[in-house]
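**Student:** Each chain, letter by letter, is given below.
Number of protein chains: 2
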Amino acid sequence: MKQLAVVLLSGGLDSCVTAAVARRNSDLALLFLDYGHRTNARERKAFHDIADHYGVPATRRLAAKTDALRRVGGSALTDRNVPVPDAGSDRNDVPVTYVPFRNALFLSLGISWAESVGASSVYLGAVEEDSSGYPDCTQAFCDAFAHAVDTGTRPESRIRVLTPVIHLRKHQIVRLGVELDAPLHLTWSCYKNSDRACGRCDSCILRLNAFKASGIPDPVQYES
Amino acid sequence: MKQLAVVLLSGGLDSCVTAAVARRNSDLALLFLDYGHRTNARERKAFHDIADHYGVPATRRLAAKTDALRRVGGSALTDRNVPVPDAGSDRNDVPVTYVPFRNALFLSLGISWAESVGASSVYLGAVEEDSSGYPDCTQAFCDAFAHAVDTGTRPESRIRVLTPVIHLRKHQIVRLGVELDAPLHLTWSCYKNSDRACGRCDSCILRLNAFKASGIPDPVQYES
Numbered sequence: 001m002k003q004l005a006v007v008l009l010s011g012g013l014d015s016c017v018t019a020a021v022a023r024r025n026s027d028l029a030l031l032f033l034d035y036g037h038r039t040n041a042r043e044r045k046a047f048h049d050i051a052d053h054y055g056v057p058a059t060r061r062l063a064a065k066t067d068a069l070r071r072v073g074g075s076a077l078t079d080r081n082v083p084v085p086d087a088g089s090d091r092n093d094v095p096v097t098y099v100p101f102r103n104a105l106f107l108s109l110g111i112s113w114a115e116s117v118g119a120s121s122v123y124l125g126a127v128e129e130d131s132s133g134y135p136d137c138t139q140a141f142c143d144a145f146a147h148a149v150d151t152g153t154r155p156e157s158r159i160r161v162l163t164p165v166i167h168l169r170k171h172q173i174v175r176l177g178v179e180l181d182a183p184l185h186l187t188w189s190c191y192k193n194s195d196r197a198c199g200r201c202d203s204c205i206l207r208l209n210a211f212k213a214s215g216i217p218d219p220v221q222y223e224s
Numbered sequence: 001m002k003q004l005a006v007v008l009l010s011g012g013l014d015s016c017v018t019a020a021v022a023r024r025n026s027d028l029a030l031l032f033l034d035y036g037h038r039t040n041a042r043e044r045k046a047f048h049d050i051a052d053h054y055g056v057p058a059t060r061r062l063a064a065k066t067d068a069l070r071r072v073g074g075s076a077l078t079d080r081n082v083p084v085p086d087a088g089s090d091r092n093d094v095p096v097t098y099v100p101f102r103n104a105l106f107l108s109l110g111i112s113w114a115e116s117v118g119a120s121s122v123y124l125g126a127v128e129e130d131s132s133g134y135p136d137c138t139q140a141f142c143d144a145f146a147h148a149v150d151t152g153t154r155p156e157s158r159i160r161v162l163t164p165v166i167h168l169r170k171h172q173i174v175r176l177g178v179e180l181d182a183p184l185h186l187t188w189s190c191y192k193n194s195d196r197a198c199g200r201c202d203s204c205i206l207r208l209n210a211f212k213a214s215g216i217p218d219p220v221q222y223e224s
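Protein chains in written order, with our numbering: chain A, 1 to 224; chain B, 1 to 224.
Because the hints were derived from the structure by calculation, they are not lab data. There may be inaccurate statements among the hints.
Claimed, not checked - Distance ranges between label pairs, derived from CB positions:
(1) B:R160 with A:P57: 41 to 49 Å
(2) A:H185 with B:D52: 48 to 56 Å
(3) B:R160 with A:N209: 48 to 56 Å
(4) B:N209 with A:E156: 23 to 31 Å
(5) A:L180 with B:I205: 36 to 44 Å
Unchecked claim - Below, a list of computed lysine to any residue pairs in the SDA-like style, where the Cα atoms sit at most 25 Å apart:
(6) A:K65 with B:R70
(7) B:K65 with A:R38
(8) A:K45 with A:T151
(9) B:K45 with B:D195
No residue lacks a Cβ here, since even glycine has one placed at the ideal position from N, Cα and C.
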């Protein structure tokens with residue numbers, strides 16, 4: 001029997017490729033968190049589309065909810081009063097789309113679930129260098145969090161935190177996804193819309209550049 | 001102007017005394033998480049009662065919700081199919097009331113809020129030696145988590161994780177609460193009921209023993 005891996009699957013490119021990596025050695029348990037973000041319904045659809053694609057049964061899908069991050073505020077992704085800027089127009093070192101310490105919340109839930117169902121690892125699709133510059137997407141943070149997991153869970157649990165794409169450039173992630181036959185056509189990256197991707201926000205620009213650099217056409221449709 | 005401190009306030013004895021410590025040097029921002037646990041409504045009442053007592057305005061109270069921990073399962077506190085045992089009858093090293101990695105989730109939310117509102121610290125009422133033996137209540141875990149906070153938040157945030165009662169015995173926590181004039185009569189500890197405390201679950205027994213050892217009568221009413 002294969003090991004079980006919890007994968008934090010937002011429905012975006014990075015987490016989809018991360019799931020494709022995880023399933024080479026493990027059965028998948030897929031976790032999505034609806035935190036009241038703008039494109040939450042569209043991302044949840046992508047989550048279930050990818051889960052369907054991989055034949056993951058309902059018992060190994062967890063689409064949970066919290067109002068906490070929205071109420072905490074402080075990000076354009078959750079606060080309707082803060083507009084999502086077009087790429088390049090955000091002058092902050094850490095962009096306004098940064099949801100404070102979001103990956104810690106996701107990882108905490110992933111570890112809770114992993115410990116409850118006996119999974120041996122939690123996969124996170126964080127990307128460090130070639131990304132939006134969020135502090136909770138760094139190797140240093142993930143290593144520190146992994147140490148917190150070692151100290152804060154049952155001694156016999158031994159759950160690993162794995163971030164297989166963290167040091168890849170975005171175009172390498174696209175190529176790895178194609179190599180692993182990941183369903184990139186089912187992913188969703190746009191911060192703004194939920195019908196067609198806007199093609200202008202930071203996340204769309206990162207994605208478009210990645211596909212361009214990889215020489216592979218992006219299968220997702222954009223506003224013209 | 002005083003610094004702002006986020007306090008994770010469950011409404012129990014330890015977190016109430018922790019709030020009393022925090023307010024000596026800081027203005028309070030109080031965070032409660034309704035995670036679908038058995039005594040959630042009663043604990044939320046205690047949260048608001050304590051917040052009222054300290055005159056904390058609505059803008060600095062956050063009672064958030066998530067269904068994630070309940071759906072993750074694995075604990076008698078959130079799973080209605082797992083009964084809460086009477087004290088001493090639980091033969092596991094880590095009790096069945098353990099909610100996997102719960103404090104990591106609480107701390108993550110606390111840090112998110114602290115970073116969003118510019119608070120300089122997050123207080124957690126974890127108790128290590130004289131407690132139920134949950135792995136996420138240890139100094140080792142809190143230290144490791146604090147390091148994850150340093151690496152995973154904005155460099156200028158510098159949010160400290162503070163656990164002022166972690167090495168106290170329970171009766172010392174009671175005495176400290178009385179010293180600081182903490183509203184212990186407003187706290188709630190019972191795992192089972194929400195009207196009168198059962199007096200038999202692990203949490204009630206710990207509390208009753210603590211008051212007994214401190215020589216101070218417990219102001220909360222118990223089932224006879």
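**Student:** All the hints need checking, so say for each whether the structure fits it.
**Tutor:** To see whether the hints hold, each was checked on the structure:
no. : hint                           : verdict
1   : B:R160 with A:P57: 41 to 49 Å  : holds, 43 Å
2   : A:H185 with B:D52: 48 to 56 Å  : holds, 54 Å
3   : B:R160 with A:N209: 48 to 56 Å : violated, 38 Å
4   : B:N209 with A:E156: 23 to 31 Å : holds, 29 Å
5   : A:L180 with B:I205: 36 to 44 Å : violated, 53 Å
6   : A:K65 with B:R70               : holds, 11 Å
7   : B:K65 with A:R38               : holds, 18 Å
8   : A:K45 with A:T151              : violated, 35 Å
9   : B:K45 with B:D195              : holds, 12 Å
When the structure is compared with the earlier hints, violations turn up for hints 3, 5 and 8 and for no others.
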